Amino acid sequence: MGMNHVVAGALTGPLAEPLTGPLSAVHAQLAVAGSAAERLWLLGGVVLALSGAGVVALAALRGRRD
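Quick note, the sequence shown lines up with residues 136 to 201 if you use my numbering.
In short, the hints are calculated from the structure, not lab data. Note that the structure is a prediction, hence the values are computed from the model and not measured. Be aware that one or more of the hints could be misleading.
As the list claims (entries may be wrong) - Across the chosen pairs, the derived CB separations fall in these ranges:
| id | residue 1 | residue 2 | range |
| --- | --- | --- | --- |
| 1 | 188 | 168 | 24 to 30 Å |
| 2 | 196 | 167 | 28 to 34 Å |
| 3 | 191 | 168 | 44 to 50 Å |
| 4 | 195 | 167 | 41 to 47 Å |
| 5 | 168 | 189 | 37 to 43 Å |
| 6 | 173 | 194 | 42 to 48 Å |
| 7 | 169 | 193 | 33 to 39 Å |
For glycine and all other residues, C-beta sits at the position ideal for the given N, C-alpha and C.
Produce the entire structure from the sequences given, and follow the hints as far as they go.
Dropping the structure here:
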């Protein structure tokens, strides 16, 4: 039993009708990405996290100078 069955069972009225079109597939899959693309996403996440930590550290140092 997929998530669509749980949601459809909880609703009544016109919203309880089954989905049609491209969103009606019960078994969805993620796009196939190579390991290089996955590594780039992970590297981007690390860079973003370190950049955010750097901004917070600079703001903390700026506040201590006064």
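Hint check:
no. : hint                   : in the structure
1   : 188 to 168: 24 to 30 Å : 27 Å, holds
2   : 196 to 167: 28 to 34 Å : 45 Å, violated
3   : 191 to 168: 44 to 50 Å : 31 Å, violated
4   : 195 to 167: 41 to 47 Å : 43 Å, holds
5   : 168 to 189: 37 to 43 Å : 28 Å, violated
6   : 173 to 194: 42 to 48 Å : 32 Å, violated
7   : 169 to 193: 33 to 39 Å : 36 Å, holds
Violated hints, listed in ascending order, are 2, 3, 5 and 6; each of the other numbered hints is respected by the structure.
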